[in-house]
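Protein chains: 2
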Amino acid sequence: MLRICVDMDEVMADTLAEHLRRYNQAFDEQVTPEDLVGKGLWEVAPADRQKELRAFLDAEDFFEVLDVIPGSQEVLEELSKRFEIFIATQAMTVPNSLGPKYRWLQRHFAFIPPQHYVFCGNKSILRADYLIDDLPRNLERFTGQGLLYTAPHNLTATGHARVNNWLEVQTYFDHVQG
Amino acid sequence: MLRICVDMDEVMADTLAEHLRRYNQAFDEQVTPEDLVGKGLWEVAPADRQKELRAFLDAEDFFEVLDVIPGSQEVLEELSKRFEIFIATQAMTVPNSLGPKYRWLQRHFAFIPPQHYVFCGNKSILRADYLIDDLPRNLERFTGQGLLYTAPHNLTATGHARVNNWLEVQTYFDHVQG
Chain Y
2 MLRICVDMDE VMADTLAEHL RRYNQAFDEQ VTPEDLVGKG LWEVAPADRQ
52 KELRAFLDAE DFFEVLDVIP GSQEVLEELS KRFEIFIATQ AMTVPNSLGP
102 KYRWLQRHFA FIPPQHYVFC GNKSILRADY LIDDLPRNLE RFTGQGLLYT
152 APHNLTATGH ARVNNWLEVQ TYFDHVQG
Chain V
2 MLRICVDMDE VMADTLAEHL RRYNQAFDEQ VTPEDLVGKG LWEVAPADRQ
52 KELRAFLDAE DFFEVLDVIP GSQEVLEELS KRFEIFIATQ AMTVPNSLGP
102 KYRWLQRHFA FIPPQHYVFC GNKSILRADY LIDDLPRNLE RFTGQGLLYT
152 APHNLTATGH ARVNNWLEVQ TYFDHVQG
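Protein chains in written order, with our numbering: chain Y, 2 to 179; chain V, 2 to 179.
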């Protein structure tokens with residue numbers, strides 16, 4: 002059975018929406034995802050707000066309250082019948098996210114066993130056939146087939162097979178023997 | 002550069018000593034590692050104590066206070082000059098251990114970057130050349146070369162290359178081109 006690794010932030014969980022919500026509220030701003038084509042919030046926010054930007058992520062409740070990216074539950078539940086699904090998330094730069102990410106996965110993706118969660122840093126450690134991820138550098142380190150999941154910050158990236166939403170993920174794997 | 006994955010419990014951290022300490026104290030027993038040749042504490046403890054045995058592991062402070070297995074720091078620091086060292090620990094069955102394990106690693110193995118921590122379940126996910134682990138089933142799922150790190154419970158296991166202590170780990174890798 003082929004194995005698919007799936008990244009959490011910006012692929013299963015709408016991390017950007019919550020980050021923007023907290024940023025806009027704290028600084029009375031109205032930054033939208035459309036303002037972030039080809040770049041991260043870090044690049045748009047002034048230097049004297051970088052500390053707060055980081056503090057939002059470190060908050061104990063941040064990763065617990067994220068919205069689910071539409072379609073991810075339905076498509077992953079379907080794919081889990083034909084493929085081995087592992088969740089591979091970068092959690093080590095924000096250690097406070099470890100517990101919240103675990104609980105978020107249990108709540109929203111109960112059909113994936115915790116034994117298939119991988120909390121890691123460098124994704125070159127993953128032994129899998131596919132990786133769905135929004136970060137080009139993660140795909141570059143990965144040895145299997147990478148799929149770049151579209152997010153505002155990666156809209157200008159080239160050189161990777163791209164999926165724009167979960168319907169496209171489903172269509173992609175319709176043509177793959179599990 | 003070749004990559005070595007290293008398990009934490011019973012390889013870097015003396016999990017058994019702390020588990021025995023709490024068990025013996027709670028039940029006024031004197032079980033020693035020597036009583037556990039070829040089996041786990043789970044198999045020695047009576048049925049009506051299994052819940053407490055598990056509760057010891059779930060305690061927030063358990064994984065934070067473990068002693069370091071002698072030699073692991075020195076040998077890993079040496080090996081990290083010639084090999085890529087990743088820490089690969091089963092943390093998903095005890096989610097309370099996620100934060101404590103992270104902090105324990107930072108405190109005792111500061112020379113290994115958090116980007117090289119992997120908190121996982123099924124170790125077949127690891128892409129590495131070597132895995133040092135005390136659990137035969139982890140080595141069986143691993144696709145590289147496994148090294149069984151001796152612990153009381155695995156003394157009767159056969160079929161794996163075995164290292165009895167960290168000096169033997171060092172000697173083993175003396176003969177490997179990094």
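These are computed hints drawn from the structure, not numbers from a lab.
Being a predicted model, the structure only gives us computed values, none of them experimental.
A couple of the hints might just be wrong.
Because identical chains share one entry, a pair is satisfied inside a single copy or across any pair of copies.
Said to hold, decoys possible - Pairs of lysine to any residue residues, derived as SDA-like cross-links and limited to a Cα-Cα distance of at most 20 Å, are as follows: (1) K82 - S125; (2) K52 - V69; (3) K82 - D59; (4) K40 - E19; (5) K52 - T159; (6) K40 - F57; (7) K82 - N123; (8) K52 - D175; (9) K82 - A46; (10) K52 - A27; (11) K52 - E75; (12) K52 - R138.
Status of the hints after comparison with the structure:
1. K82 - S125: Classified as between; 19 Å across copies, 26 Å inside a copy.
2. K52 - V69: neither (26 Å within a copy, 35 Å between copies)
3. K82 - D59: For K82 and D59, neither the intra-copy (35 Å) nor the inter-copy (32 Å) Cα distance is at most 20 Å.
4. K40 - E19: within (17 Å within a copy, 48 Å between copies)
5. K52 - T159: Neither: 31 Å inside a copy, 53 Å across copies.
6. K40 - F57: within (18 Å within a copy, 46 Å between copies)
7. K82 - N123: between (28 Å within a copy, 18 Å between copies)
8. K52 - D175: neither (44 Å within a copy, 45 Å between copies)
9. K82 - A46: neither (43 Å within a copy, 38 Å between copies)
10. K52 - A27: within (12 Å within a copy, 46 Å between copies)
11. K52 - E75: Classified as neither; 37 Å inside a copy, 36 Å across copies.
12. K52 - R138: For K52 and R138, neither the intra-copy (24 Å) nor the inter-copy (44 Å) Cα distance is at most 20 Å.
In this structure, the earlier hints numbered 2, 3, 5, 8, 9, 11 and 12 are contradicted, and the remaining ones agree with it.
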